[in-house]
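Colleague: Okay, here's what each chain looks like letter by letter:
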Amino acid sequence: MNVKPLNLKKSLGLAIGEKSLLAAEVAGGANPRLQHAAEFVYPAGITPAQSGELGKALAAFLRENQFSAKTAIIGLPLKWLALRPRQVPPSDPATLAQMLRLSAETEFSTELKDLIFDFAGNADGSDAGSVTLVATQRKYLEWAQAICQAAGLEAVAVTATALALDVASASADGSRHVVVSVAGEAAELSAGTAVVRALRAASPQGLAGELRRAVSSLPPDVPHGSIVLWDGGSMDADELGKQLGLPVRGGVLSSLGVETTNAALNGHGNGYAAAVALAVAGIGGTPLAIDYLHSRLAPPKARKIPQWATIAAALAVLAIGLGIYGYVDLVRLQNHAAQHQAQLATIQKQIDSATDFVNMVTLARAWHTSDPRYLACVRDLNDAIPDDGQTYATSLILHEIVPAAPTGAQANKPAPAVPQTRSLSAQLLGKTSDQQHFLTVLDRLKRVFGPSVKPGSTQESSGRVREVSFTVTFTYTPSEAGK
Amino acid sequence: MVLNKREKYLGIGVAVAVGLLLLNSLAISPLLEAREKAQDDDAAATLALNNGQDMIARKQHLNATWNQILQRGMPTSVSAAESQTLHAVADWSQAAGVALSSLKSERPTQEGPFQVIGVGVVANGTMSAVTRFIWALEKSPIPLRINEMKVNSRKEGTDDLSLTISLSTLCMPENEKSGGGK
Chain A
33 MNVKPLNLKK SLGLAIGEKS LLAAEVAGGA NPRLQHAAEF VYPAGITPAQ SGELGKALAA
93 FLRENQFSAK TAIIGLPLKW LALRPRQVPP SDPATLAQML RLSAETEFST ELKDLIFDFA
153 GNADGSDAGS VTLVATQRKY LEWAQAICQA AGLEAVAVTA TALALDVASA SADGSRHVVV
213 SVAGEAAELS AGTAVVRALR AASPQGLAGE LRRAVSSLPP DVPHGSIVLW DGGSMDADEL
273 GKQLGLPVRG GVLSSLGVET TNAALNGHGN GYAAAVALAV AGIGGTPLAI DYLHSRLAPP
333 KARKIPQWAT IAAALAVLAI GLGIYGYVDL VRLQNHAAQH QAQLATIQKQ IDSATDFVNM
393 VTLARAWHTS DPRYLACVRD LNDAIPDDGQ TYATSLILHE IVPAAPTGAQ ANKPAPAVPQ
453 TRSLSAQLLG KTSDQQHFLT VLDRLKRVFG PSVKPGSTQE SSGRVREVSF TVTFTYTPSE
513 AGK
Chain B
254 MVLNKREKYL GIGVAVAVGL LLLNSLAISP LLEAREKAQD DDAAATLALN NGQDMIARKQ
314 HLNATWNQIL QRGMPTSVSA AESQTLHAVA DWSQAAGVAL SSLKSERPTQ EGPFQVIGVG
374 VVANGTMSAV TRFIWALEKS PIPLRINEMK VNSRKEGTDD LSLTISLSTL CMPENEKSGG
434 GK
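Listed in order, the protein sequences are those of chains A and B. In case it helps, our numbering puts the first sequence at residues 33 to 515. In case it helps, our numbering puts the second sequence at residues 254 to 435.
Calculated from the structure, these hints are not laboratory results. Hints are all accurate, no fakes.
Over the 10 Å line for every Cβ pair with chain B, so calculated as not near, a few chain A residues: (1) Gly60; (2) Gly77; (3) Thr79; (4) Ala114; (5) Leu115; (6) Ala182; (7) Leu231; (8) Gln275.
Chain B stretches covered by chain A per the calculated footprint, using a threshold of three residues with CB under 8 Å from any CB of chain A: (9) 300–313; (10) 362–370.
We put the CB at the ideal spot given by N, CA and C, even for glycine.
Chain A extracted, bound-state conformation:
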């Protein structure tokens, strides 16, 4: 459950102090580069409470120093923060947040509504560990945001400067040191996110004394073999080391993961380390330890509308939508039908007239076919009966097949019974010598007249000459060519 990383193309780090702020602009990419760094001293006559005026002055200062980034990461000084280390058991991120929220409410019970919390430290939930609750007053956050707004900047994160510098210094070489940042008369010491302290730095001697006391009071499990000093070259690191009895070295900006030209900063680049660390976090170089704008301890938003009401409303909207669609569709269908009925009514007289005419002509055509279908049937029958001297026809009855008149959807109005087919129904009576010959006749008839050929009764005579009388029925449909 870490703070969501930022991946800006260009980022402005603003490390806020009581009398001035440090600004550093870093451009992201394969080789992050420090483009500008400067100190903005709050103008005389403008108090920090006048955020609007201060923002405008900041905007002018940024323009003057050629800063172009529009997104800023704000770092608050330690003096504005309250920190409480806590031991946490193994738990999932949601439970951990809930637990820490309760802990914060207990710890910072007074004026709780005016505080904002987040926590720093390793808290991936898998193991027990220690975290640091970090609270600040809401007014500081709102003040920082107001300044940014007045300066035309977008504040994408508000964090603790000391924690950002500590994380950036640690991630540079992977080892842990005591990090000391000096800006004016204020100094901040950090040794991991669990130990962060504000120091007074009115004079180098005074700071040395403060540091000695702070270092000697560090918990034994906190590594403090050496000190990294970010002071802009205002102090003698070797001398300080001698006074503390610990190796002290001045920090180098490149160790924060940015390319820089110290010459451009007149050798004082070291002093902008806090702002640079913030800007580096903005381009995704190092993660932020805390972010008040996206606090993991912010209370979950209370639902103004209960879930069941949302679901019910969604279902109601869906039902109303479906109802409207159904009604519109129904009206569309009704209109369509009415349109067709109106068209039909318009041409109904024409249709009636056309139907009468078509029926009349179709009827009359049956008497004007010039189609020798009876003769064609007799001819085909003559061809089908074998000329064997033993088989002959005794009777042939042909009559035309009159189909039923079209009904229902096939006709707009009933038409007279008109023979639309040229087919004939035939009944053939004949005689042959025996059953074998009859079967031969039947086979030949089937070949000529198709499967409609059906044998009727057969009768063998018992007289002197043996004969088989037969009856065959079939349907004759003359070919179109014969029409």
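Following the hints, put chain B in place on chain A, whose structure we already have.
Modeller: Chain B only, in chain A's frame:
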């Protein structure tokens, strides 16, 4: 009255079920029925319109056929049609070489705008004569139609056939003709 969770859920379930039933009976079912009726009406109207348009197109197509029929001659009275047919059949029988033993007309019937007059023919002759006679009837230039035909062998083993034919002709009264050609 304080309801426990189970009672609350039961109450909600019953309310939802009653609500759905009411919704179904008051809105969904009537809407679906109205939709189905509208679809049926639309389909019926569309079909009737298409059929009607087809019929109008068919009329245009059949105008030429009707003109041909009129050009070939359409008697305008029953007597004229009857006389024309009887004379024609008698002539064709003579030309074909069949002996007419009966030729009589029947009572006319109304079919559409036409009067249909039936004619019964009984004749005897050889196979070739009968064939010529049938040919003449079927290729008739006047309105003529064979409804039924019976051919019997009068005496087995001889080329002597008995032919019974049921014919019909038709006429169109003048008033119908003027109305039919519209």
